[in-house]
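Quick mapping for you: the protein sequence lines, in order, are chains A and B. Taking the numbering used here, the leading residue of the first sequence gets 16, the next gets one more, and so forth. Taking the numbering used here, the leading residue of the second sequence gets 4, the next gets one more, and so forth.
Do not rely on the hints blindly, as some may be mistaken.
[To be verified] No more than 30 angstroms apart at the CA atoms, straight line, and that leaves these computed lysine-lysine pairs for DSS-like: (1) A:K208 - A:K154; (2) A:K156 - B:K344; (3) B:K444 - A:K154; (4) A:K143 - B:K344; (5) A:K235 - A:K261; (6) B:K444 - A:K156; (7) A:K208 - A:K235; (8) A:K143 - A:K181; (9) A:K156 - A:K143; (10) A:K208 - A:K181; (11) A:K209 - A:K143; (12) A:K154 - B:K240; (13) B:K240 - A:K156.
[Unchecked claim] Computed, partial: chain B to chain A, Cβ under 10 angstroms: (14) F22; (15) Q23; (16) L61; (17) G219; (18) T231; (19) H235; (20) A250; (21) R314; (22) R319; (23) E329; (24) S334; (25) G392.
Because the hints were derived from the structure by calculation, they are not lab data. From the three backbone atoms N, C-alpha and C, an ideal C-beta is built for every residue, glycine too.
Chain by chain, the residues run as shown.
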Amino acid sequence: MTDIRTPLVEMRNISIAFGGVQAVDDVSITLYPGEVVGLLGHNGAGKSTLIKILSGAYRMDSGEIRVNGQHVSITSPRDARDQNIETIYQTLALADNLDAASNLFLGRELTTRLGFVDDGRMEAETRKIMARLNPNFHKLKEPVSALSGGQRQSVAIARAVYFNAKILIMDEPTAALGVHETAMVAELIHELKKQGLGIFFISHDTREMMELCDRVAVMKNGQMVGTERVEDVTEDDILSMIIMGKNPKAA
Amino acid sequence: MTDQSQTTSSKTISKRSLFQSLDLDTRLLGMIGAFLFIALGFHMITGYRNAGFGLGMLTEGTFLTPRNIFTLTIQTASVAIMATGMVFIIVMRHIDLSVGALLATCSAIMAMTQTAYLPQLVGLPLGHPMIPWIAIIAGLVTGAVIGGAQGWLVGYQVIPAFIVTLGGLLIWRNVGWFLTAGQTIGPLDPTFQLFGGINGTLGAFWSWVVGIIAAGAAALLMILNRRTRASHGFPVKPMTAEAIIIAASVAAILGFVAILNAYALPERVVQRDFAAWGCEVAEGCTASYGLPISVLLLLAVAVVMTVVARRTRLGRYIFAAGGNPEATELSGVNTRLLTVKVFAIMGVLCAIAAIVASSRQTYHTNDIGTLDELRVIAAAVIGGTALSGGIGTIYGAIIGALIMQSLQSGMAMVNVDAPYQNIVVGAVLVFAVWVDIQYRKRAGLK
């Protein structure tokens with residue numbers, strides 16, 4: 016808590032309500048370069064909602080977002096992308112009927128000088144990044160509906176990595192994956208950390224969190240229960256924070 | 004050793020692997036096959052009626068004649084033009100039930116502009132060279148505005164497209180009626196009538212010019228495409244396969260022109276005004292219709308819409324939004340504005356179809372375009388557009404329109420009673436979609 020560097024992301028006193036339900040209630044959270052912060056909590060605790068405010072999918076009712084110490088206004092997914100914030104959604108957010116390259120570049124297509132989409136170049140770039148992320152990936156020309164869960168996930172991750180994200184939001188990226196593919200994601204997270212990215216990581220798996228994250232933040236009923244460095248807490252501490260909504264260390 | 008086995012295997016490419024190396028679109032082949040099956044069927048039935056059982060079934064048939072093919076193409080043009088737009092609408096998981104009615108309103112506006120508004124209100128004399136063009140622009144703007152407005156209701160106000168366009172069907176059918184007081188308006192401007200089919204054709208010479216340019220462009224595009232793929236190091240088809248496909252495409256284009264050019268004007272019509280057809284004496288003077296301008300317009304629409312679908316961001320977003328609307332929205336695409344654009348495109352295409360339909364009958368009639376919404380949707384669906392969204396092709400919709408029209412006019416030619424005609428068309432629609440679903444299952448597509 017005594018970090019003197021400027022946080023990569025600072026969300027201050029964020030609140031949002033949906034039809035009378037306070038989904039996120041005065042929550043503050045920070046993320047430093049090269050750090051992985053895990054967000055934990057029950058379904059409906061407000062993790063995804065908080066993160067969707069940062070990624071531009073929702074607009075907060077009140078609060079402030081700072082990136083590199085600068086106040087920013089994020090009101091659409093495009094705004095978030097302009098701040099180099101990339102999101103890998105729980106639901107993968109791929110268009111099933113399009114191929115990997117079209118999905119990777121969706122919303123940011125490479126174009127020729129005449130303004131037409133340049134499928135050749137996009138396919139070439141996709142081949143390059145896929146060779147790095149998932150060397151077993153060869154189905155470049157097929158709709159992503161024909162791909163396995165892991166392959167689809169690597170398309171979603173490639174999308175975030177390709178555009179030089181500084182801040183990466185991963186909403187249950189391993190929920191649909193097998194053991195081998197989960198290990199691949201873990202490896203990727205370590206690599207991205209080394210490159211100085213900041214990562215928000217949402218998961219239900221406390222053990223996975225303890226392994227991958229530097230700090231964990233626990234939410235309950237839209238409020239922040241507490242943020243702790245993983246070295247300072249046990250898995251049981253975290254579980255009791257999730258269930259009881261109380262920080263055992265604060266008590 | 005390995006070298007040797009490779010050379011022998013490449014030398015002995017079997018017919019099967021050569022066919023596979025063509026990497027053809029099986030669905031396109033299937034649709035063309037279905038069309039040929041229908042055409043050949045009607046040809047042989049008419050041939051049997053004319054000449055009895057035997058070779059005469061092929062030589063005496065009246066379906067696959069230049070004259071009938073010419074007629075088929077001009078009958079198909081209006082519905083096919085709208086069907087290309089319906090592909091975008093259905094791909095985005097919407098529907099447009101108002102296209103026939105919108106066609107009627109656009110047609111009414113254009114007819115009234117050239118026969119009443121401009122001559123009476125603005126004072127341009129009838130026959131003024133600007134009249135048809137102002138009328139066409141008025142029609143296109145009307146289509147774009149009405150289509151865009153319906154798209155705004157669907158995209159921004161989140162009213163289901165089914166409801167918006169069902170309302171539109173009633174509204175625009177009767178706005179057209181109101182504008183013309185239910186009267187038949189015409190005759191339309193002679194220049195305007197050129198878009199109607201038989202009243203405006205290119206003649207043999209210019210048809211060949213267009214055909215040769217189109218064939219050359221098609222070949223050039225395929226060669227350039229191959230080069231681009233090769234330059235990125237992507238796998239390309241073997242040279243022979245590529246050559247076969249190019250040759251087949253060129254042959255198809257030039258063959259189509261040759262067939263249309265084989266349909267000659269009636270002798271008496273030519274001899275009445277032989278000088279106009281480039282003859283010095285009336286005897287032996289022949290002229291052919293060639294490519295109708297309406298068909299040329301359809302082909303131009305098809306090319307533009309295909310380029311939009313495959314080579315522009317707009318097209319990419321339309322298909323992405325059909326596949327996964329939320330994902331597209333999260334990728335920073337304004338899907339609501341996209342909906343407005345797609346419906347506006349549909350509106351413009353209704354106006355273009357209105358030009359073709361009204362000039363073909365040389366008058367605007369009150370019932371123009373009635374039931375076209377069903378024909379247009381059926382054409383798109385027969386052509387493989389999935390109502391669940393995300394899947395569809397422009398060429399498919401055009402072939403779908405051609406199949407529908409072939410069935411209809413073929414059955415009329417063999418004197419099938421009207422109720423049976425509609426029963427067959429209805430059954431074919433359901434059957435075609437069933438075949439498509441089975442095909443997708445087999446191919447492992449969704």
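Now the hints, each set against the structure:
1. A:K208 - A:K154: Distance of about 29 angstroms is within 30 angstroms: holds.
2. A:K156 - B:K344: holds (28 angstroms)
3. B:K444 - A:K154: At roughly 19 angstroms apart (the allowed maximum being 30 angstroms), A:K154 and B:K444 satisfy the hint.
4. A:K143 - B:K344: The given pair, whose Cα atoms are some 34 angstroms apart, is violated under the 30 angstroms limit.
5. A:K235 - A:K261: holds (9 angstroms)
6. B:K444 - A:K156: Measuring from Cα to Cα gives roughly 19 angstroms; hence the hint holds.
7. A:K208 - A:K235: Between A:K208 and A:K235 the Cα gap is close to 27 angstroms, so the pair holds against 30 angstroms.
8. A:K143 - A:K181: holds (20 angstroms)
9. A:K156 - A:K143: Holds, at roughly 15 angstroms.
10. A:K208 - A:K181: Given that 30 angstroms is the threshold and the Cα spacing comes to 10 angstroms, the pair holds.
11. A:K209 - A:K143: Measuring from Cα to Cα gives roughly 21 angstroms; hence the hint holds.
12. A:K154 - B:K240: Between A:K154 and B:K240 the Cα gap is close to 17 angstroms, so the pair holds against 30 angstroms.
13. B:K240 - A:K156: holds (15 angstroms)
14. F22: Violated - the Cβ of B:F22 stays beyond 10 angstroms from chain A, reaching only about 20 angstroms at its closest.
15. Q23: violated (16 angstroms)
16. L61: Constraint on B:L61 not satisfied, violated at 42 angstroms.
17. G219: violated (20 angstroms)
18. T231: holds (5 angstroms)
19. H235: holds (5 angstroms)
20. A250: violated (25 angstroms)
21. R314: holds (4 angstroms)
22. R319: Nearest chain A Cβ about 6 angstroms off; hint holds.
23. E329: holds (7 angstroms)
24. S334: holds (4 angstroms)
25. G392: holds (8 angstroms)
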